[in-house]
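Protein chains: 2
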Amino acid sequence: MLWRDLKAWQVYGANTDVGKTIVSTVLCKALQRRAPSNGVLYLKPVSTGPLNEADDRHISRFAPGVVSKCLSQFSEPVSPHLAAKIDSVDKALTDDSTIVSKIKRQLNKQLEQGTRYALLETAGGILSPGPSGSLQADLYRPLRLPTLLIGDHKLGGIATTISAFESLHLRGYDVDSLLLFDDPQWGNFAYLQDHFAKHDVQAVALPLPPPRRKTPKDDEQAMAEYYEQCSTSPGINTLLESLNQKHFSRVSKLTSLPSHADSIIWHPFRQHGLPQNIIAIDSAYGDTFEVYNQEADPAVAASQVGTTGLNTGSSGTQAKPLTTPLFDASASWWTQGFGHGNPELSLTAAHAAGRYGHVMFGSAVHEPALDLCYNLLETLRSPRLTRVFFTDNGSTGMEVAVKMALRATSLRYGWTKNDGGRPVEILGLKGSYHGDTIGVMNASEPSVFNEAVDWYQPWGTWFDPPSVLLSKGKWHVSVPSSFLEPGSTKTWYFQHMASLFDFSSRETHAKFYRDFITKALRSLCHDQGRRFGALVMEPIIMGAGGMIFVDPLFQHTLITTIRENPSLINPKYQPSSNPDPADWSGLPLIADEVFTGLYRLGRSSSSSFLSPDPLSPTPMSVSTAPDVSVHAKLLTGGILPLALTTASNSIFNAFLSDSKTDALLHGHSYTAHPIGCSVANHALKEMERLDTSGNSDWQAYRSPWAAAPSIPDLSSSSSTANPSPSSSTVNTPYSFFSPHLLTQLSHHPLLSGLWSLGTVLALTLKSTEGTSGGYASNATASLQSRLLTTLDEKTGEGIHARVLGDVIYFMCSLTTKPDAAERLGSVLLRALDGELEDQE
Amino acid sequence: MLWRDLKAWQVYGANTDVGKTIVSTVLCKALQRRAPSNGVLYLKPVSTGPLNEADDRHISRFAPGVVSKCLSQFSEPVSPHLAAKIDSVDKALTDDSTIVSKIKRQLNKQLEQGTRYALLETAGGILSPGPSGSLQADLYRPLRLPTLLIGDHKLGGIATTISAFESLHLRGYDVDSLLLFDDPQWGNFAYLQDHFAKHDVQAVALPLPPPRRKTPKDDEQAMAEYYEQCSTSPGINTLLESLNQKHFSRVSKLTSLPSHADSIIWHPFRQHGLPQNIIAIDSAYGDTFEVYNQEADPAVAASQVGTTGLNTGSSGTQAKPLTTPLFDASASWWTQGFGHGNPELSLTAAHAAGRYGHVMFGSAVHEPALDLCYNLLETLRSPRLTRVFFTDNGSTGMEVAVKMALRATSLRYGWTKNDGGRPVEILGLKGSYHGDTIGVMNASEPSVFNEAVDWYQPWGTWFDPPSVLLSKGKWHVSVPSSFLEPGSTKTWYFQHMASLFDFSSRETHAKFYRDFITKALRSLCHDQGRRFGALVMEPIIMGAGGMIFVDPLFQHTLITTIRENPSLINPKYQPSSNPDPADWSGLPLIADEVFTGLYRLGRSSSSSFLSPDPLSPTPMSVSTAPDVSVHAKLLTGGILPLALTTASNSIFNAFLSDSKTDALLHGHSYTAHPIGCSVANHALKEMERLDTSGNSDWQAYRSPWAAAPSIPDLSSSSSTANPSPSSSTVNTPYSFFSPHLLTQLSHHPLLSGLWSLGTVLALTLKSTEGTSGGYASNATASLQSRLLTTLDEKTGEGIHARVLGDVIYFMCSLTTKPDAAERLGSVLLRALDGELEDQE
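These protein sequence lines map, in sequence, to chains A and B. For reference, each letter of the first sequence is one residue, going 1 to 840 in my numbering. For reference, each letter of the second sequence is one residue, going 1 to 840 in my numbering.
One thing to keep in mind: the hints can contain errors.
Not the full set, but computed from the structure, chain A residues with beta-carbon under 10 Å of chain B [stated by the list, open to error]:
hint : residue
1    : 17
2    : 77
3    : 338
4    : 340
5    : 349
6    : 353
7    : 383
8    : 423
9    : 452
10   : 525
11   : 526
12   : 660
13   : 679
14   : 829
Keep in mind that the hints were calculated from the coordinates and are not lab data. Every residue gets a Cβ at the ideal spot worked out from N, C-alpha and C, and that includes glycine.
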């Protein structure tokens, strides 16, 4: 949190008994000279021990005039987590987010009342448990206040002070200053001063407090003198100057981020010729961005009228923090898995950096890389995949996949570049997207996104995808017109999402698809002589191409038709009479699971939605399992880039020879970087735990879908849909958003439809009058902007959502709490209603 | 370090006075029951305080039979760094690497004498300074022994214990167990047991030691009873079992890494059809890999004869560690900048992970990203570059560069895809390499590395590069035959490397190049109608294409000829009469500095070698500065992938319009990930400091080149070379390898030539009889293998070098010490002589 007019610091101790309260008293007294009456707040959020010894009373005694408060006092002088147990207090008093909310409210209130400086003193050491048992540095992290670290002046204090700093640092805190008593016996100050200077942290020495006197009165007298002397010392005054400077520099850095960014950054996908509001992200925690609230900033508000959409509505800007929380509803471009600022991921990354840094991977191996290969294959549970290739992101992972598949096909079919035949192409779906490097751009159909690239050349054929939307309480599968006689249309309806996956009851649909595919492939491969080298698909959901939910039966049928009829692809090829069932057949199938895999859609592998019986909890069938699959994004839990391309033996073998030049000659310098591998191992283990441990959050998400895998029928119309499959034996697809919410949304007049699966919810908005849909849709832009300032009542959070044309989507991390997902739904409904009102 | 038959642990304390020695005594006594006589070693590397209170004496008293040693004893009972100062001991006694070497020797000696268990007890807390002032956890990190952490049982001890663990963890230590006294008053054990279980660390409680008795005798009696009781307790025995298990599992994991890797990993650039020795890297520190020494492993040696090239020569394998150190002479595929396992980089990465994790970058900005843009442009000091685009690696960075340049050119020249003209191509040099994604593969000339890729299609024209080699004490510039009349040859000789860069004295060479380039471009663009969209170069050194040192005058002349004569490229284009000097002219120049930039070759930007006067210390000239440049590898200091593509305003402006579809529609999910940006900011600052602070190491490297920018002439032949430029006013190119070493090498009969610049040394070997040079050169493979086992006498390190065809190269990090670079040179000379002897 940051304000222009309030400077607040959190006071952490490198250990218990290092003089936090004494130093705080010195600082309060010194600050008081700079602030108007009641201008300084001392806040002890949690205190333990007898009231008459409480730290806030010490402040009141020695720094009268300072507003001194304690939010929770527990009676036993032990660690707060024990004290809370002993006092057996109300759970609300110990809840982390309640404590944080209380502090926020208190600070904002004090600012209105004229407070200009605040010190928040923690209890014990920085990692002493708070009342709930969370480590204090984690408990207070959402505030991320600039920190004053009180060093340990005793023997061994160099070690505890530096370790304490490291624990704060890896949790994303900024330490503004180190203060400690200078005890010449141990020389800690001299050493620490040098050490902290390397981290740009100024160290300040205070004289040791006077020894305890014989009477309380003498004691008080001695302390009063000590405080008087220290709080007027030049050292403390220099420190306060420097803290003020840091505050101003922090404010100025944050508030100038948007304009500076505008002058030097070339943003991805941005048309810099058009004005654009740049969001300045100060930090992030859990599902929440903390962003610069430009229009609540008096300095900005004074000079301009609000246009940026981040105005939280109130006109009294003076008392507002400069930052505001927004729910990260794009899961930071689909990467986020375990919450921002996750200390376990930080530590895991740091451990790998400490053990290896990066080590080159040419003819070499290290433990995190090898573990990751095993962990990924175990996570995917695929009967085909046996080999793992490392690259840096989804796009490079797909480049490798394409290289693998085309080589395997050309080799088997005896195609060469100069044999006079057509070039080898890929077979895919319209609306696909596999990344922005030119090779994989060539694997997507021409569109406004790639045609402007000089070297783009479409190498493939792309089928229109039959697509799924929920509208007015029913799931619709729309068959594309290219599948039909001119002028006709075909839509299939389902009451339950699960019924889409009940392939056995959709035999007629399957036959319809199979006939269409067979005819189309005959025309392409037999009549036109087209040569295909790979079937490339994003299983079930096409992401960047527009959040399209493809009828899983169509993808299933496409795979099986080609695998069962290789002669459709190459009429001349004679398959072996007794092939290995894990051998690729017809075409290698590449599953681009970069977005769809690793539980983004609720399952470890999105290819499992295309199995012959996707509702069965049995492992993925060899008949539909991919020959190559690509994984990235969630792979690292959402902190840094890494991609894996997996392949079957039959693909791998195509590259074996005794000639180096037949090898897959692809590699990046940071291939299999240990930091990425280590966090990926951590992430995969966490996913496994969430999936199988009976984790209560995921149970909460699943149960409304599993209990009755149905959408409550709010409409009165009758339905032609199949009966709902029995819930006890099925592996029901589910969503983090409840069936009830989806039904409500599906009847909203502004939406033409929606879908939700796993952590994703995608809404298609009707075009507003006078505009067309597609990329530049006004309706989505208007809703997107409104969501920024439609605040959740409990958390005060807006929603930062992203749009793709006429689709606006919402995405949770894997650890989003059910109540947060539910609140997101409510805010969304509220915002939609607001849009509707404005239109009416 | 790891042995099969010796289990050694480092004992660290979460604070001082937590009972490290008491716990060690318990463990020593318990271990003694499992080991033969003299089977347990207690080692205190550094001890402070009076001898009669020393910890090793305590062990001798209470665990007789345990071999108890102290390596350095200082008399004052204070932190070792102060104690060493007070005792004013010999510097050798306080030197970190000397202490580490002593421990290694001691452990290996004890193993020979039958020791099976060793405990190394540190002094104070884990980050208490050692004798040199280094933090102990850093001092002992090269050993990376499995660690026993003694927790803090006192009030506040939860915090200090977890922080201590985090400090160990981020330095790459594996903590095997947490031990602490169970003081029910504070309940630390119960809390810590749960917390550490999440990190798979078992916590073990010990009863509090008996209170101090009245007489020393009673005291001793009480302690003896305590030790007897604890060391025979079931808890301790279970712990020892578990520690044994961890040891075996660690050994088994390390020793099976190569074979497991072989079965599941698809390695980059590897022909899996050929047998290949896979190096298992256990960890790395500074410039050193710690790798599994397969042939020193008795379990392996018993079953096979040595073929893997990692046998350190001795036949007495029993007493050898399972790991051996190797100098990382490829700088881990050219990435390494600041040493492996650098705690500052770990902490910096962890801080960004803690503050943000990843946050999406679409229309957003965060502080580390913005800082990085400014820092990079400041580092490059280019008069043209103003905008920064983020991607994930050099290959994707170059894809973006190509997209940028081709668009700018097509727009200015009015070329479109369907105007009937030739496709837009790039102009480059043969031997270039820009990455493995298909788009940038297309920007390199056809070769065995790309032709097998189905979608590869060469889009360009590539000139043969005039190249430089040092041979027999003289620098040769060989002009390619394609520049000459058939049958003729042309070589220019120079006494000093600096003279190559003295362009003013090479006017005739420049004219020769200019005439050739002009004629060639006329033929291509005017006669053949070829359309070029970019001039693409790796300034001065072409890396992956074969470590080719291109005559800088040729690249300089190529740039200036095109810029000064845009009509050579497009005869129809009328340039504005008064162009902005920073506007691109003729063709946009893309500098691929992924390998060559950021001080890899001794300068912040390798483009500065192509300036009109590269020996002048003035900033880069606008006349030769690139319009687009790409940076990666060293950018993050060598720990994880990140790439930046910078561009001039005139390139940026080509994408401005009011239509989104004209934007540069490129982006990756982890674009500008804060972790990468933060470590890059740290790395750039460190580079700046090394370059400008009068840093003594870099001064040591520069001075022999600057003082006399010449190669001492060991040959007696006279030279036609230019006189050496005066050293006082020049910005002399320099190398981490001394002129003296280069001269020695240049006369070696096995080498046909070599070059060195900055941190890189590249040797071209003569082909051995009966084989041809090129990719499969036997001579380089033989030398490469020998280097693994040619050990440095001081450090016992071999060299892990990489080869490219007939070139073997050596690369330092930016912080390699001059003595290490020198030792590398000596080992190299020794290995070359060994090769020569074998041939004779």
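Evaluation of the provided hints:
1. 17: Holds, because the Cβ-Cβ distance from residue 17 of chain A to chain B comes to roughly 7 Å (cut-off 10 Å).
2. 77: 9 Å, holds
3. 338: At 8 Å from the nearest chain B Cβ, residue 338 of chain A passes the 10 Å test, so the hint holds.
4. 340: 4 Å, holds
5. 349: 5 Å, holds
6. 353: With a minimum Cβ separation of about 4 Å from chain B (threshold 10 Å), the hint on residue 353 of chain A holds.
7. 383: 16 Å, violated
8. 423: With Cβ-Cβ at 8 Å, under 10 Å, it holds.
9. 452: 6 Å, holds
10. 525: Given a least distance of 17 Å, the restraint on residue 525 of chain A is violated.
11. 526: 22 Å, violated
12. 660: Holds: closest Cβ of chain B sits about 5 Å from residue 660 of chain A, inside 10 Å.
13. 679: Since chain B brings a Cβ to about 9 Å from residue 679 of chain A, closer than 10 Å, the hint holds.
14. 829: 25 Å, violated
Hints 7, 10, 11 and 14 from the list above are not met by this structure, while the remaining hints are.
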